[in-house]
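Chemist: Fit chain B to the supplied structure of chain A, relying on the hints for placement.
Protein chains: 2
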Amino acid sequence: MFVFSFKKGWNPDGKHCYVTGGSSGLGLALAKILVAKGAHVSIVARDQAKLDAALVEMEAARVSPSQKLQAKSADLLSATASTAALEAVCELHDGAAPDAVFTCAGSSKPMFFVEMTEQDMKDGMDYGYWVQAWTVWAVTKMLVKQKKRGAKICMVSSMLGLMSFAGYASYAPAKHALRGLADTLQSEFMLYDIESQIFFPPTIYSPGYVTENKTKPDVIKKIEGTDEGLTPEQAAQGMLKGFVRGDNHISADLLTDIFRAGTRGSAPRVNFVFEAIYDFISYVGVPIWRRSVDGAIRGHREEHDKYLHLRGFFG
Amino acid sequence: MFVFSFKKGWNPDGKHCYVTGGSSGLGLALAKILVAKGAHVSIVARDQAKLDAALVEMEAARVSPSQKLQAKSADLLSATASTAALEAVCELHDGAAPDAVFTCAGSSKPMFFVEMTEQDMKDGMDYGYWVQAWTVWAVTKMLVKQKKRGAKICMVSSMLGLMSFAGYASYAPAKHALRGLADTLQSEFMLYDIESQIFFPPTIYSPGYVTENKTKPDVIKKIEGTDEGLTPEQAAQGMLKGFVRGDNHISADLLTDIFRAGTRGSAPRVNFVFEAIYDFISYVGVPIWRRSVDGAIRGHREEHDKYLHLRGFFG
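These protein sequences, in sequence, are chains A and B. With the first letter of the first sequence counted as 1, position 186 gets the number 186 in full-length UniProt numbering; the numbers rise by one all the way through. With the first letter of the second sequence counted as 1, position 228 gets the number 228 in full-length UniProt numbering; the numbers rise by one all the way through.
Excised from the complex, chain A in its bound form:
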């Protein structure tokens, strides 16, 4: 029998999966799927009440009494806290490093660049990049120290880690940075037999999305108007599909597939034939897409000027 794929599958059954940002949205949806597939799942997030509720949902998905499920509160914005959170969830596993890590923590606050304070800029990098990078940093050290082979780390970037447009000057840099980290590690992890993967979700209809829309300028909402999003469950299914298949760059919807093909860089290909087609679509289609976005922004100039005056920007 011919085998057309060289990529090994991956089975969550009996594996210890560490999911950050696991109390809601994509992280929780993913945690529940992993539990239903027999994994030991540890989630961390900040809010204890949300964690408690999430753990109840995870328990409901349990398929075996031997599964170890836990939910711990942690702030992941520093190296120290991220290391402590990792060590805390590994205690239940006698200190052994996790088999799979999914860094789903993060949030976004779209707004106009000229209105961003120093804190807004820093928050963008903290909640878009460091909240995941510190966990990756801590986990990698642990995996290499324990000489654990075959582990997988999957970060969560965004379609805005592949492209960007107005409104995301604090978020897109952080999501691009995650991509830079994942692509570096994809190469470097060959030294240790660890895999680095990264997911680029489109809009996810999550609690975070609701929060994000509160500060999102109208012109951005207009640009995004036609984009179709995914439910957290759809996004988690798509993420896990690519994760299991071993895709280094994972996308779960056609629009992101196309952007991914047009900005693949040096990342390993998912499918040489499909990506050539998507790349062609991207080559021809993206400039057309750009034209409509550019038009929307240029058409917003006058209104934006009035808006800045009203906000007292000109002093």
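What the hints contain is simulated information worked out from the structure, not anything from laboratory work. One or more of the hints may lead you astray.
Under the rule of at most 30 Å between Cα atoms (straight-line distance), these lysine-lysine pairs were calculated in the DSSO-like manner [to be verified]:
| # | chain 1 | residue 1 | chain 2 | residue 2 |
| --- | --- | --- | --- | --- |
| 1 | A | K141 | B | K306 |
| 2 | B | K147 | A | K216 |
| 3 | B | K141 | A | K306 |
| 4 | B | K222 | A | K145 |
| 5 | B | K72 | B | K50 |
| 6 | A | K145 | B | K221 |
| 7 | B | K141 | A | K122 |
| 8 | B | K145 | A | K306 |
| 9 | B | K50 | A | K214 |
| 10 | A | K141 | B | K68 |
| 11 | B | K216 | A | K145 |
| 12 | B | K214 | A | K109 |
| 13 | A | K141 | A | K37 |
| 14 | B | K147 | A | K306 |
| 15 | A | K216 | B | K141 |
| 16 | B | K306 | A | K122 |
| 17 | A | K221 | B | K141 |
| 18 | A | K222 | B | K141 |
| 19 | B | K72 | A | K147 |
| 20 | A | K216 | B | K148 |
| 21 | A | K222 | B | K148 |
| 22 | A | K122 | B | K216 |
| 23 | B | K216 | A | K109 |
| 24 | B | K214 | A | K141 |
| 25 | A | K148 | B | K122 |
| 26 | A | K147 | B | K306 |
| 27 | A | K214 | A | K72 |
| 28 | A | K122 | A | K216 |
| 29 | A | K145 | B | K306 |
Modeler: Just chain B, lined up with the frame of chain A:
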């Protein structure tokens, strides 16, 4: 007569150009070219002795006695310091915002991810991203407040802002982040008639490169072995050529042209025909390039394990 290019030229003569990282390498080479073309040039960097020497070189390139040339010492790692440095160089121009800004400041410290300390990771983002982002942030506010039309801001990323490989886990994320910022602003700046551009240089044989090679792991040197670099003068000429032409993504050597075409994302095209060719080369060639890089890294496993033991990594 037919005009095949829709892009306006840009002439440095009489313009105020603000160059960060202007005391050495790319920044200094660029500053001297701008002076020779009649611009008022302000450079900032940290080291006063280097600034003094740079100013002497700039004075030697002067073409008119009315040119205002200055060199000021500043640390650009915070919003406050970057704003202060900007305001200081604008004093000589009665507080008017610069016509063109080139953020050439930055440095890189390649090393293995598992050996990076918390400080190494933070430094990577500080010296790769924030050292430029804060200036862009401060300049943009100033330009928009003064309603200055037609200004141009050019950041300096790296070929490692388009792709990455082992050794650059603190640098590639920062250089990718700059790209995310530039692409966001390219779109958002349409609200103000400002232009956001970004340069992706390959290896530049600068003082920074000499420093960087001191910590660079051997396996990385091996991967980079065949890459040809540019002198600071060559890089500055290439950067300025793309800057004048209005390219949003600027590259100055064939290898980066190819990587740029293969990871253009939603950025405006430089040349629809050439990029299609480069994209094809990238599509076929990059996986071949990857194979040799992957081979070099995999072949380094055993030696790396010995190295980590010697360094006491396993405790």
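Chemist: So, for every hint listed, does it hold in this structure?
Modeler: Results of checking the hints against the structure:
no., hint, verdict
1, A:K141 to B:K306, "16 Å, holds"
2, B:K147 to A:K216, "24 Å, holds"
3, B:K141 to A:K306, "16 Å, holds"
4, B:K222 to A:K145, "25 Å, holds"
5, B:K72 to B:K50, "10 Å, holds"
6, A:K145 to B:K221, "25 Å, holds"
7, B:K141 to A:K122, "17 Å, holds"
8, B:K145 to A:K306, "13 Å, holds"
9, B:K50 to A:K214, "48 Å, violated"
10, A:K141 to B:K68, "52 Å, violated"
11, B:K216 to A:K145, "22 Å, holds"
12, B:K214 to A:K109, "40 Å, violated"
13, A:K141 to A:K37, "28 Å, holds"
14, B:K147 to A:K306, "13 Å, holds"
15, A:K216 to B:K141, "19 Å, holds"
16, B:K306 to A:K122, "39 Å, violated"
17, A:K221 to B:K141, "23 Å, holds"
18, A:K222 to B:K141, "24 Å, holds"
19, B:K72 to A:K147, "50 Å, violated"
20, A:K216 to B:K148, "26 Å, holds"
21, A:K222 to B:K148, "27 Å, holds"
22, A:K122 to B:K216, "29 Å, holds"
23, B:K216 to A:K109, "37 Å, violated"
24, B:K214 to A:K141, "23 Å, holds"
25, A:K148 to B:K122, "27 Å, holds"
26, A:K147 to B:K306, "13 Å, holds"
27, A:K214 to A:K72, "28 Å, holds"
28, A:K122 to A:K216, "18 Å, holds"
29, A:K145 to B:K306, "13 Å, holds"
Of the numbered hints stated above, those contradicted by the structure are hints 9, 10, 12, 16, 19 and 23, listed in ascending order.
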